[in-house]
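Chemist: Here's the letter readout for the chains.
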Amino acid sequence: MAESTINLESLAPPTELRRAPVVENNRGLGVLTDKLAAFAEGKIPCWWWMLFIPSAFCATVVLPLALIYKISIGVGVWGNNHPVMWGLDIVSFIWWVGVAHAGTLISALLFLTRQHWRTTIGRATEAMTVFSVMMAGLYPAIHVGRAWFDWFMFPVPTYEGMWPQFRSPLMWDVFAVSTYATISVVFWYIGMIPDLGTLRDRSTSKLGQFTYGLLAVGWRGSVRHWVRYETASLLLAGLATPLVLSVHSVISLDFSVALMPGWHTTIFPPYFVAGAIYSGFAMVLTLAIPIRKFYHLEDLITIRHIDNMAKVMLATGLIVAYGYSTEIFMSWYSASHWEYFMMWNRMFGPMGWSYWVLVSCNIALPQLMWLRRFRVNVGLMFLMSIIVNTGMWFERFVIVVTSMTRDYLPSSWGTYRATRWDYATFLGTLGLFTFLFFLFIRFLPMIPMSELRLMLPQAKVRERAEPLPEAGD
Amino acid sequence: MPLPEGVYGLMAEFDSPTRLVQAAKAAHHAGYRRMDCYTPYPVEEAAAAIGFHRDEVSLVTLIGGLLGLAAMFGLETWIAVWAYPLNIAGRPYFSWPAFLVPAYEWTILWAGLSAAFGMLALCGLPKPYHPVFNAPNFRSGASTDKFFLCLESTDPKFDATETRGFLEAQSPVSVVEVEY
Chain W
1 MAESTINLES LAPPTELRRA PVVENNRGLG VLTDKLAAFA EGKIPCWWWM LFIPSAFCAT
61 VVLPLALIYK ISIGVGVWGN NHPVMWGLDI VSFIWWVGVA HAGTLISALL FLTRQHWRTT
121 IGRATEAMTV FSVMMAGLYP AIHVGRAWFD WFMFPVPTYE GMWPQFRSPL MWDVFAVSTY
181 ATISVVFWYI GMIPDLGTLR DRSTSKLGQF TYGLLAVGWR GSVRHWVRYE TASLLLAGLA
241 TPLVLSVHSV ISLDFSVALM PGWHTTIFPP YFVAGAIYSG FAMVLTLAIP IRKFYHLEDL
301 ITIRHIDNMA KVMLATGLIV AYGYSTEIFM SWYSASHWEY FMMWNRMFGP MGWSYWVLVS
361 CNIALPQLMW LRRFRVNVGL MFLMSIIVNT GMWFERFVIV VTSMTRDYLP SSWGTYRATR
421 WDYATFLGTL GLFTFLFFLF IRFLPMIPMS ELRLMLPQAK VRERAEPLPE AGD
Chain H
1 MPLPEGVYGL MAEFDSPTRL VQAAKAAHHA GYRRMDCYTP YPVEEAAAAI GFHRDEVSLV
61 TLIGGLLGLA AMFGLETWIA VWAYPLNIAG RPYFSWPAFL VPAYEWTILW AGLSAAFGML
121 ALCGLPKPYH PVFNAPNFRS GASTDKFFLC LESTDPKFDA TETRGFLEAQ SPVSVVEVEY
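Those protein sequences? They're chains W and H, same order as listed. If you count by my numbering, then the first sequence holds residues 1 to 473, one letter each, in order. If you count by my numbering, then the second sequence holds residues 1 to 180, one letter each, in order.
These are calculated hints, taken from the structure and not from any lab test. Virtual Cβ for every residue (Gly too), placed ideally from N, Cα, C. It is possible that some hints are incorrect.
To be verified - With a straight-line cut-off of 25 Å between C-alpha atoms, the simulated SDA-like cross-links for lysine to any residue are:
| # | chain 1 | residue 1 | chain 2 | residue 2 |
| --- | --- | --- | --- | --- |
| 1 | H | Lys127 | W | Gly208 |
| 2 | H | Lys127 | W | Gly218 |
| 3 | H | Lys127 | W | Thr286 |
| 4 | W | Lys460 | H | Asp15 |
| 5 | H | Lys25 | W | Leu51 |
| 6 | H | Lys127 | H | Tyr8 |
| 7 | W | Lys293 | W | Leu51 |
Stated by the list, open to error - If we take Cβ atoms under 7 Å as the criterion, some of the chain H residues that face chain W in the derived model are:
| # | residue |
| --- | --- |
| 8 | Pro42 |
| 9 | Ile79 |
| 10 | Val81 |
| 11 | Ala83 |
| 12 | Asp145 |
| 13 | Glu168 |
To be verified - In silico negatives: residues of chain W with every beta carbon more than 12 Å from chain H:
| # | residue |
| --- | --- |
| 14 | Gly30 |
| 15 | Ala37 |
| 16 | Tyr69 |
| 17 | Leu109 |
| 18 | Ile142 |
| 19 | Asp173 |
| 20 | Ser233 |
Construct all of the structure, not just a fragment, from the sequences and the given hints.
Modeler: Below, the structure written as structure tokens:
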């Protein structure tokens with residue numbers, strides 16, 4: 001052992017050039033598995049119940065109530081009305097899809113670029129993606145009014161031989177979001193199979209063995225399977241990356257193809273994607289910081305993770321800021337009266353306050369993340385993640401609602417006021433999301449064990465085996 | 001189907017991936033072919049040692065993706081040109097640039113589903129029962145921190161005594177018989 005260690009040491013780069021370890025304090029394979037599997041085993045901690053019960057209430061009482069009332073009465077229970085036909089439901093739809101994006105980027109794009117630090121948080125962010133796409137998908141499904149006709153959106157030989165119209169971005173959206181939801185679930189599940197195998201093997205209860213056994217589809221760790229599994233993971237990551245970039249671009253086309261001032265711009269696709277990553281990383285921090293604290297995961301979700309995510313947020317936040325300034329510039333440079341008025345109305349009109357909330361939350365305050373002292377302060381970063389999430393929600397509010405209140409004809413101007421059912425639906429989806437996430441961190445492998453094992457130094461195959469321990473050892 | 005009876009193979013447990021790879025290489029060198037290694041994380045060297053180099057997952061994915069592309073583009077064209085032609089702002093019925101977006105999404109959808117389910121199918125999963133789980137030390141180690149090499153009894157070179165002797169010489173932690 002000593003000899004091979006010395007050899008490795010002499011080959012390794014000097015300390016200052018080495019990458020920081022993903023797993024700190026040099027844990028062994030068995031210890032690592034014990035620590036990571038413990039989240040899904042043992043007694044349920046008290047804090048889990050304290051957070052789970054309120055979210056379960058929102059998920060099982062508030063949301064069903066809001067949905068049943070809305071579906072049985074109609075869209076009129078919301079604030080949506082002429083001229084603001086897209087209200088809080090579409091704002092929340094875009095916000096949830098945006099939140100989802102960071103999960104795919106962390107697990108797919110950072111996987112392809114070999115950013116090993118992503119490993120520990122990859123699984124949880126994929127779960128975040130899956131659950132937030134579910135929340136997003138709910139909104140257009142009920143926004144259409146007659147939710148029981150949702151199947152008209154799919155190319156099914158429908159009533160009287162009608163077929164969908166594929167030249168519309170709204171139709172593209174159906175395929176972009178449904179593909180995204182499907183691929184996210186598949187990517188998440190395939191990634192979990194080996195870890196579900198570990199939980200199955202460790203489980204002591206009949207129910208656990210049966211359930212995890214069913215989910216693990218009989219995974220036994222054969223190296224032939226591992227080779228295919230690695231190829232499939234790589235391919236899925238390669239497919240998810242262009243997919244995630246296309247989803248928010250397609251959503252932005254719902255707006256930019258329309259002629260509404262404030263919507264009809266070509267900057268939308270990249271600016272929506274950057275905004276999605278921005279809010280997504282904020283949501284990852286919102287979820288990761290409390291989990292790190294409550295589960296004592298300081299060795300696994302290190303300060304470096306938080307620092308890196310803060311840097312991504314800072315960068316994408318600046319892209320978003322560039323998008324806002326392009327909008328301002330173009331509304332002046334286009335010399336279009338309507339565009340000019342739209343921007344003035346956005347800033348100083350009756351809903352101008354929402355624009356300034358967005359500017360302070362998305363542009364002004366995040367500049368604090370230039371300071372390293374700020375980025376490594378976990379409490380402040382948690383606060384910042386909430387601020388950015390709020391800011392990004394208001395960005396969609398400004399785009400969707402403020403633009404619609406004032407279009408070309410002053411005679412068709414109007415205003416918008418969300419009702420309690422709008423808020424109840426949003427609260428309900430927040431609750432359902434948290435509810436699902438808490439079930440996930442309790443019952444499924446939250447941190448990818450098999451991938452983390454690969455990060456440990458003792459996992460490498462060496463030229464020569466270590467000398468055998470004495471017989472009887 | 002009645003289960004085959006007798007011995008499935010001999011399973012050697014190792015405590016490090018390096019030793020597993022050495023043993024697998026030696027077994028391949030000695031002429032064993034029907035064997036497998038079981039590890040708690042991917043050990044590419046072990047797969048190479050037992051002579052497994054190529055997997056067909058990429059090919060399956062490519063075929064799936066192309067089929068998805070063709071299916072959606074074909075469906076859109078058929079609907080827009082023949083089944084349900086609509087005049088949208090005077091655009092041609094065959095407005096292919098607009099059809100590219102759903103076709104792109106379905107390429108990814110079908111390719112992704114083919115990669116995932118093709119991988120499982122090629123591995124022969126789901127397979128809830130497999131004889132290797134009968135080895136007493138398998139469940140506690142193979143998915144945690146131990147490395148296994150199983151030489152299967154269907155191999156023409158397999159001989160209960162000789163093979164055991166061969167495995168014992170590879171400095172394993174233990175060698176056990178795996179029942180069907």
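Chemist: Now tell me, hint by hint, if it's right for this structure.
Modeler: Status of each hint after checking the structure:
no., hint, verdict
1, H:Lys127 - W:Gly208, "holds (18 Å)"
2, H:Lys127 - W:Gly218, "holds (5 Å)"
3, H:Lys127 - W:Thr286, "violated (39 Å)"
4, W:Lys460 - H:Asp15, "holds (13 Å)"
5, H:Lys25 - W:Leu51, "violated (52 Å)"
6, H:Lys127 - H:Tyr8, "holds (16 Å)"
7, W:Lys293 - W:Leu51, "holds (14 Å)"
8, Pro42, "holds (4 Å)"
9, Ile79, "holds (4 Å)"
10, Val81, "violated (11 Å)"
11, Ala83, "holds (6 Å)"
12, Asp145, "holds (4 Å)"
13, Glu168, "violated (12 Å)"
14, Gly30, "violated (4 Å)"
15, Ala37, "violated (9 Å)"
16, Tyr69, "holds (33 Å)"
17, Leu109, "holds (15 Å)"
18, Ile142, "holds (23 Å)"
19, Asp173, "violated (9 Å)"
20, Ser233, "violated (9 Å)"
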